[in-house]
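Protein chains: 2
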Amino acid sequence: MISFGNFGRVSTLTNRQILLRRRPQGLLASGDTELVAVPAPELADGEALVRTTYVGIDAAVRTWLDDQPGYLPPVGLGEVIRAAGIGQVVQSRCPAYAVGDIVTTLTGFQEYTTVRDDIFTTPVDGPPDQVDQRAVMSIYGPTGATAYFGMTGIGRPQPGETVVVSAAAGATGSVAGQIARIAGARVVGIAGGARKCRAVVEDFGFDACIDYRGEDLPAALKQHCPRGVDVYFDNVGGPILNAVLGRLAPKARVVLCGVISSYLTGDHPGPSNYVNLLSKTALMQGFNALDEWGRFDEAFADLRRWHDEGLLVHREHIFDGIESCVEALNGLFTGVNIGKTLVKLAEAQPLSELG
Amino acid sequence: MISFGNFGRVSTLTNRQILLRRRPQGLLASGDTELVAVPAPELADGEALVRTTYVGIDAAVRTWLDDQPGYLPPVGLGEVIRAAGIGQVVQSRCPAYAVGDIVTTLTGFQEYTTVRDDIFTTPVDGPPDQVDQRAVMSIYGPTGATAYFGMTGIGRPQPGETVVVSAAAGATGSVAGQIARIAGARVVGIAGGARKCRAVVEDFGFDACIDYRGEDLPAALKQHCPRGVDVYFDNVGGPILNAVLGRLAPKARVVLCGVISSYLTGDHPGPSNYVNLLSKTALMQGFNALDEWGRFDEAFADLRRWHDEGLLVHREHIFDGIESCVEALNGLFTGVNIGKTLVKLAEAQPLSELG
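In order, the protein sequence lines correspond to chains A and B. Residue 17 is where the first sequence starts when you use the numbering used here, and the numbers rise one by one after that. Residue 17 is where the second sequence starts when you use the numbering used here, and the numbers rise one by one after that.
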């Protein structure tokens, strides 16, 4: 159902938004959210209006819906659901952004967003209708930066080492594993189901992939990592993390990137094999790519070179229209996506068509 | 009961040893070990005979009695129980060691040990009857090096930061906490019982100490660490580790030095609060001071300076006679010791009294 908000000033643009109405238990259910249509806001000085082209669907979005402290505050009841996305500047009263610019920003689950000149909003070079927006969302943005800084900064794979990546078919895992391969490591993915495992090997070029649903994970890890695991890039936590901790090589590095196995339940079983961090003199470290904000250009330069050389590929799972945002978010947890999940809301326009 | 072994060549020296007869379940019980008396071995070229003065009793000794792989192999049934200790060279056919030298080595639970010129055997400077052997065992040896490299290499406390140390009255914890204080941090110990907590504050100079037996640990951590825990030096694992992980400050460093809470049972409950490593972008790292062997001199130079300046104190809990070794080892787990546990077997002799 679409309801219209009551705004003081009326714009000619209608902005459809998905608001949080109730904190979800597990997957988002009917009644947790509401799709509303409101006039797009009038701009104040220093603001620009961005029309969302793609909403990025990350597991982090789900964490922001719980009433838990984190590196960003929880989304409040009645607020637009927060998400990182990409869009095009359609009006501007901000010198940092020209009409037509493609920018990455916290679009949220909505068609129009007001932005300011802040660190969350970054223009993308190039003619607006020629920017490869999917590549930006998969590689030249927070997802690529997360894979890059986690793998190169903490994992530090060396030639000949064995690297394991969980959620290997996902947006971050697929890029992280490719970075490790470029560094000369042998890379073993972990993913759920034969379809994903095939994509991990055939599309993303991993050396092998373990189907944690169909295989005995400790046995498969022993088979694929006979000398132990030198680097583990963990997106999932839970029993998969524990199994890999049981297989660490001496001086191993465990990169904690996510705990998707527990985002729905809030339940975090402790990995009893953490004691191997001691016996193997290994480290386990959490990180947030936003801490490396000042070095994003460095990351993107490497990622772009690898992409241009054909060493780094990306895939997207595209949903259509704002009505799909909730289904797309739930899909992260039911395991439908290969690569980055995006919801397409609009096409970018060539400059000639923008007023 | 003392039995005599059957050796081909007979020495004039009798060597009493404690052998492992059965793998212990939990604390060592009667029948797990046997005290035997055998002739001390004749020396081959390149060997020296060391008379044990003090056996060092570490939690690691207990781990070597289980049939588990580790950085050293398990003690075999029928073998002398392995332990690091200190002693005096009484015969030498090795150019590296002169009669009279005080050396640290893997003495084991026995009165005499044959040593070679290897990395496990290190001479201590000074006239033999004037060497402060207790200081060597507490500070200028593997215990001090463990505290030093764990705290300075991984913990890296900064002035004004809050550092928590568990088993704070123990050999390693007491030194680690003092090193953090010297670095300018506020140091909170965790220990079991009022007697130990008093020693942690009054003898070792910590700013505070939490009695985990008598206090609610999460509440006490909140009270004593209002801005969170920047560095945690963990000797115990288990629920105490989990409680401190629940209180981490951003960018915290968790030093994994031991898991004494589970050495007896082999049971390692996983710390569910490990997810804070992610939300706080913190790290948890295991280490072994032996990996830093080449830098021990550097550690000892710092430790000696601090000791000489009165900034670093040490305490020992002394048992007497080889018959006490098993009781002393069990005492680590029943919580009797403050500072380093040693078993005294003999006095060092001045050079004039050695043949």
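By construction, these hints were calculated from the structure, which means they are not laboratory data. Some hints could be false.
If several chains are the same, the list does not tell them apart, and a pair holds so long as it fits within one copy or across any two.
[Claimed, not checked] Keeping only pairs whose Cα atoms sit at most 25 Å apart, straight-line, the calculated SDA-like set for lysine to any residue is:
| hint | residue 1 | residue 2 |
| --- | --- | --- |
| 1 | 238 | 140 |
| 2 | 238 | 83 |
| 3 | 238 | 135 |
| 4 | 296 | 284 |
| 5 | 238 | 87 |
| 6 | 267 | 55 |
| 7 | 267 | 304 |
The model shown is predicted, which means the values in this text are computed figures rather than measured ones.
Results of checking the hints against the structure:
For the identical chains of this complex, residue 238 and residue 140 are neighbours neither inside a copy (44 Å) nor across copies (45 Å), given an alpha-carbon limit of 25 Å. In this assembly of identical chains, the alpha carbons of residue 238 and residue 83 lie at most 25 Å apart only when taken from different copies (21 Å versus 40 Å within one copy). For the identical chains of this complex, residue 238 and residue 135 are neighbours neither inside a copy (44 Å) nor across copies (33 Å), given an alpha-carbon limit of 25 Å. Taking CA atoms no more than 25 Å apart as the test, residue 296 paired with residue 284 passes in both settings, with 24 Å inside one copy and 15 Å between copies.
Proximity of residue 238 to residue 87 under the C-alpha cut-off of 25 Å is restricted to the inter-copy arrangement: shortest distance 20 Å between copies versus 36 Å within a copy. Proximity of residue 267 to residue 55 under the C-alpha cut-off of 25 Å is found in neither arrangement, the shortest distances being 56 Å within a copy and 42 Å between copies. Both within a single protomer and between protomers do residue 267 and residue 304 lie at most 25 Å apart by alpha-carbon distance, with minima of 22 Å and 11 Å respectively.
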